[in-house]
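Protein chains: 2
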Amino acid sequence: MFESAELGNKIDKETYDREVPNLREDLLNAQYDLSQQGRFPVIIVVGGVDGAGKSETVNLLNEWMDPRHIQTHAFPDPSDEERERPYMWRFWRALPPRGKIGILFGAWHSAPIVERVLGRSKSAKLDQSIEEIIRFEKMLTGEGALILKFWFHLSKEQQKKRLKALEKDPKTRWRITETDWERFKSYDRFRKVSEYFIRQTSSTHAPWIVVEGVDHRYRSLTVGRLLLNAMRERLAKKPAARLPEKKHPVQPRVDGKDVLTSLVLTKSVSKEKYNREMETWQGRLNLLTRHPKFKERSVVFVFEGQDAAGKGGAIRRVMQALDARVYQGIPIAAPTEEERAQPYLWRFWRNLPRSGRFTIFDRSWYGRVLVERVEGFCSENDWMRAYSEINDFESQLVLNGTVLVKFWLQISKEEQLKRFREREKTSFKHFKITAEDWRNRQKWKQYHQAVCDMIDRTSTEIAPWTLVGANNKYDARIKVLRTIVGSIESAV
Amino acid sequence: MFESAELGNKIDKETYDREVPNLREDLLNAQYDLSQQGRFPVIIVVGGVDGAGKSETVNLLNEWMDPRHIQTHAFPDPSDEERERPYMWRFWRALPPRGKIGILFGAWHSAPIVERVLGRSKSAKLDQSIEEIIRFEKMLTGEGALILKFWFHLSKEQQKKRLKALEKDPKTRWRITETDWERFKSYDRFRKVSEYFIRQTSSTHAPWIVVEGVDHRYRSLTVGRLLLNAMRERLAKKPAARLPEKKHPVQPRVDGKDVLTSLVLTKSVSKEKYNREMETWQGRLNLLTRHPKFKERSVVFVFEGQDAAGKGGAIRRVMQALDARVYQGIPIAAPTEEERAQPYLWRFWRNLPRSGRFTIFDRSWYGRVLVERVEGFCSENDWMRAYSEINDFESQLVLNGTVLVKFWLQISKEEQLKRFREREKTSFKHFKITAEDWRNRQKWKQYHQAVCDMIDRTSTEIAPWTLVGANNKYDARIKVLRTIVGSIESAV
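Line by line, the protein sequences are chains A and B.
In terms of our numbering, the first sequence opens at residue 1 and continues consecutively.
In terms of our numbering, the second sequence opens at residue 493 and continues consecutively.
Chain A with its partners taken away, still in its complex shape (with noise of 0.2 angstroms):
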């Protein structure tokens, strides 16, 4: 595949200096125009080979454009607070919001690359890596982002060539190293990987461009040009009308029984027993965060649950067997002005906790899936792909090391109407209580779809869910305290 890229194409100057101010007013009115819309971000990601132009180009588009309004992100070794984090942390850091244009200069591709160069890992371990990037760059396009994937090539010649030519002008002495010519005996090596990458990570929806490096103005009139288009095509399309959703007409099972029907709801428990088991419970957990390994580990609770099923009262129960300097608690509510920039996955990435600490959320990115479908606040489309979104996020957590507990609290409509009312009396609970609680309730059918749909697409083996009937507080609280103990334990 590399082949047409080794053709030896060629700009001459004079072509060359005609077009590259028109290019670069072009260029200035697309910006423009991208960020007065802010309906997406434009991410351009560079890769290649060493010697190819790249950092040129990067440096080119910064020059031709308003760089005041490009980010530009480059991914040397990662910081301790990066190494915390799943792999994917340092680059949802990185993303451009809506409006803007980030250049991501060696971005999630190259590590996978490398590693398997270097043979430090397994051709199964690059197959999975790739799995992961295109479901990644599916998931950035699916929340609009237009992605530009350009990678330069030379071939062994003349990256030889070029390498010389570099150590031998004196302004261009100090980019090459003994690592480059290091690296330069593993061309071959790095050819095929990289091919194969590139083969497999060309998806429809962010192929790769692959440009031949070797004439710098053939090179940037090429990204040039590319990049103009692809703005300018994005820009004229009108924002896609809402499509008419398709009907789901609720469908309780024949039998009417479903994962929240077949759930026992209430289990009474005396106050001794809750107050000896919570003691157990908390104590048990308590001691696991001084355990020597859990200083590796870091730890995501998500909580959901109907309104008044008892989140809050459970989130307090945990956080009371916790020292208040591991966890962070995050309630999520309407999304920031900066949050909704982003994909909707970006809020939650941004509060992952760093090795032994807790972030516990209360509501979650299973909002996509639960209020926004039934609102109506995405597009059927939207919830439909956050199913595989959100395992694929929740795998990246379990992968890295991240103890992830899921709970949903499920209470019946008399309990929510009984808890409501009890709300509505106590002076200090009122502001528990609002008109939106009332709505909310009259969805309950169609709540009630979303959340066995919720279960039964993102329940799995790495990440399931804790179903917890919770018309008892009691015994709900101590069934979340038992499972995160349990959870906690096997980790350890």
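No incorrect hints appear here.
Listed next, the in silico DSS-like pairs over lysine-lysine satisfying Cα-Cα at most 25 angstroms (straight line):
hint	chain 1	residue 1	chain 2	residue 2
1	B	Lys592	A	Lys432
2	A	Lys171	B	Lys763
3	B	Lys924	B	Lys937
4	B	Lys787	A	Lys171
5	B	Lys663	A	Lys293
6	B	Lys663	A	Lys273
7	A	Lys267	A	Lys257
8	B	Lys935	B	Lys910
9	B	Lys663	A	Lys295
10	B	Lys785	A	Lys171
Keep in mind the hints are simulated off the structure, nothing from the lab.
For chain A, the structure is supplied; the task is to place chain B on it using the hints.
What follows is chain B alone, placed relative to chain A:
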């Protein structure tokens, strides 16, 4: 001053059990009002003697209130990302937004005290830290924060007893290590240093509250009530009506001479000379970024100037000399929602570069004393205090080893008119000129005065302004690059 915290204050169980439920309800309600009003953040600083109940109190506050809306931060060893920034960076990161409570466990006071106790810093250094902390806290309260600083105290005898008790109890044994006994040996010294520190940093806007730590009921009720009262008092206070501005009649110097009018605005430079000079200075700048010592430095550039003064053009010429991987351009427009919920300097702190990197601010924190002053976006009191706050900020940068270069680009009123008209004519510069530019132009005199004041008050020895006559773009750009090269050269 610790005497009154060694009296053996106690609360009996009965009183405590009677008081707590009401206190909790009141705290929850105050927390709710805080969140609803969203007017100010509550910053709770926790310090004191080991074993005096610091972490117990932090946990208790989380238990009594809604922990999902409290952000608790502890500050163990800084991460590498933190070490590469000024000391205060990690605390800026942890500041709660308006409407939230942030508990900072061992905040900015810890290191200065500990360093002094261990004899790693001189008393002059401690005094300097004290000075900085007072000014920092004053800035926070100026920006609206409610700060409560609790110091938990134990006498030497009490501490010994407490450590032994903790050591004896199997549930708390893990908390006491060799280090604690090591530290206990320096009790007297710790007491002396912290007494001095507390006295010096107990300002009217953020006094320390010394709490006797022996009796947990006394300690808890004291903290809870003080917190409640402070929140209630503050919540009840109506937002201060904007005071009528003192009229600052624009007073040009009697001889009409000031730093701006004395500046030579026009110096013509031939295109040849410009090209030659640019090559020289850009080349030298590029070379400097590869200097081995540069890896330990970071660089911040500030570009200010009238509309159309050529900031963008100058910035681009600087960026051209740099590898796009090492800089971030930060154009300063209206703050985002998350930024608006923080002190005005927060958005600049969050963008400070790591070592070996540049941040280029296109407009900056000086907006406070320019546009915000002239347009009345903040009160006179706000922009008046900003001068010294900005000086503090910049001195922290410089002390951290950051190279800071600040440019004011000045053009004449006629030159601005010419450039505005040109922009209106040129299609691809069209978007650079708006109605606002014309409006700003009408306030030429007010801006002139604001700029003169700014330069007078913030051109310090460690962070001087470079004034650039910019009627001739070539001349201005050369001066900018030459200045930058000079500053970095003297730093590496």
